[in-house]
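Heads up: the protein sequence lines correspond to chains X and W, in order. Residue 255 in the numbering used here sits at position 255 of the first sequence, with consecutive numbering throughout. Residue 221 in the numbering used here sits at position 221 of the second sequence, with consecutive numbering throughout.
Derived by calculation from the structure, the hints in this document are not laboratory data. Hints are supplied without guarantee of correctness; some may be wrong.
As the list claims (entries may be wrong) - Simulated DEER-style distance windows between Cβ atoms:
hint, chain 1, residue 1, chain 2, residue 2, range
1, W, G74, X, T305, 27 to 35 Å
2, W, T91, X, R105, 19 to 27 Å
3, W, G74, X, E270, 50 to 58 Å
4, X, V9, W, K76, 38 to 46 Å
5, W, G169, X, V272, 13 to 21 Å
6, W, R70, X, R105, 45 to 53 Å
7, X, G23, W, P136, 46 to 54 Å
8, X, G136, W, P136, 30 to 38 Å
9, X, L149, W, G74, 49 to 57 Å
We put the CB at the ideal spot given by N, CA and C, even for glycine.
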Amino acid sequence: MKKYADLVVVAVVLALVPVLAGGSPYYMRLATLALVYMAWTVAFNLIFGHTKQLFLCLGALAGSAAYMTVVFTKQLELSPWITVPIGVATAAGLGALFSYVSVLRGLGIIFLGIVTLAFSLIFHNLVLGLRQFTNGETGLVSRGLGFPLLEQPMSSYYIFLGVLLVALIVYYLLMASRMGMAVRALSDDELTAELSGINVTWYKVLAAAVASAILGLAGSLYAFYNGIVSPSVFSFVSVDIPVLIALLLGGMRTRLGPIIGAAAFAVIEELVRPFGQLNVLVYGVLLIVLFVAFREGLVPMLRKTLKLSLP
Amino acid sequence: MSPGNEAILEAQALSKHFGGTAALKEVSFSAAAGEILGLIGPNGAGKTTLLNLLSGVLRPTSGKVLFRGRDLTGLKTHAVARMGIARTLQTPRSFPSMTVLENVAVGALFGHPHGRTDGAIKSLDLVGLGERRASPMSSLNLQERKMVELARALAMEPRVVLIDEAMSGLNPTEIEDSMRLIRRVRSQTGVTIIWVEHVVKAIMEVVERIIVLNFGQVIATGSPAEIARNDAVVEAYLGTKA
Ligand SMILES: Nc1ncnc2c1ncn2[C@@H]1O[C@H](COP(=O)(O)OP(=O)(O)OP(=O)(O)O)[C@@H](O)[C@H]1O
Ligand SMILES: [Mg+2]
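Kindly produce the complete structure, drawing on both the sequences and the hints.
Okay, here's the thing in structure tokens:
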């Protein structure tokens, strides 16, 4: 099981974080949020890193799942054990649809980016428009509706750690299977991959569906944990931009990149908090710098400079 | 057609239009199992387009492709590949992030009907790149990259391999080597080869039959000796290359 040693290290280190937080609710919340973003970044690594599909609707996908879950729980008084899977399935279905349409219509990476960005806007508008279900800009109170364990800081932390580990295990297993080789090939050259017998469409749609399911699962549970779902929780600025930064910072197509990147982002976010609304400006500059000068990411950089064999 | 062999791959009145212009007009031919069939013609004659139709990369505007009697028209590229038609590209395209062996293994893993990877080393040895198996693709020259493509195609253990130029830009000794290689591939694997080549002299010495395309139409079919005497062929090549 040496192949999965890094997974064990990640699990142990993250499991010890609450000890370091020393029971401070503030730090527990920060750490829990970091876990959510780690899971989202793992998902985005699968879509964007491995299959080069630029989804600019991560917040909208996670938010679709979150709203489906909370609205169904509230309106139909269904158990969260039923509504969370509904949310997850919604996100997975939408993600698969975008991927399939983009392959079918031969959309390049830029056009897929535009289409998914448009979906982000549609989602935002839909949430504002369907006021009777969503309560518009104010948002829906989800406290007390979901799982009791998500109402307490300590148990919430370990639930999200569980979600992250599930996401990582799914990711590891997929990458160790034939799919790992297939996505490496298709992200290098799609025509050559097809000529070699790889069903490029299938693997891209599969990657998008699995990743969107992860986005949705973390999104739905986050909605309960957060106590309220509102458009701003799942906006482009609050989800897509941090995840994009975290993935680029940590290193695309690496196992540890999303974890390290999202952790680093959580630290950066704390540092820029005093700037208030200017934080988006900082993120913008950070994104530009990352895209222009640091596309490799931390994990590949550490591999090279320290000669480490990081996964 | 070589004696006693049934047709393995057949084109029936294939046409392909790009916008208003016809790149291929009603092209029909058939390849017998185990033969080496040469496909020649001046630049822009439609050779690559024909291979694109045969490998499912493009759909014909009209006409059919039959493989062992089965209609392939409309199948996706990967499905055609898995049925047993492998293809190399005129400008080689590989998986740059992978080693030489990994490039070939992809073909064995996904293109082979049973996903076997043991054929990868065998086909690398066959094209003479066994020693380079661990090298990154970036360390290979153009001809070596073409050979990796051929090895990837062969690792799929196809029934038919479509080769789009194996020799452009080679010196005479290298051409001799490539000719030997094509013969060796056929004798060791029994695969049917449809081979597009600009080096007409080389193709004349290796193949059993030649099809000549000009302006998207078949203008001659026959043995190399017959083609060399054919007036229409000589005319098509006059002023270009002979
Ligand atoms: N995708 C395409 N779109 C538009 N026109 C095309 C396309 N592919 C080929 N053509 C045109 O079809 C004709 C045949 O091209 P093709 O590449 O098949 O020729 P070829 O015989 O392979 O030539 P060469 O010897 O130069 O490789 C040319 O006029 C070319 O410009
Ligand atoms: Mg050509």
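Checked hints:
no., hint, verdict
1, W:G74 / X:T305: 27 to 35 Å, "violated (52 Å)"
2, W:T91 / X:R105: 19 to 27 Å, "holds (26 Å)"
3, W:G74 / X:E270: 50 to 58 Å, "holds (56 Å)"
4, X:V9 / W:K76: 38 to 46 Å, "holds (42 Å)"
5, W:G169 / X:V272: 13 to 21 Å, "violated (56 Å)"
6, W:R70 / X:R105: 45 to 53 Å, "violated (29 Å)"
7, X:G23 / W:P136: 46 to 54 Å, "holds (51 Å)"
8, X:G136 / W:P136: 30 to 38 Å, "violated (55 Å)"
9, X:L149 / W:G74: 49 to 57 Å, "holds (53 Å)"
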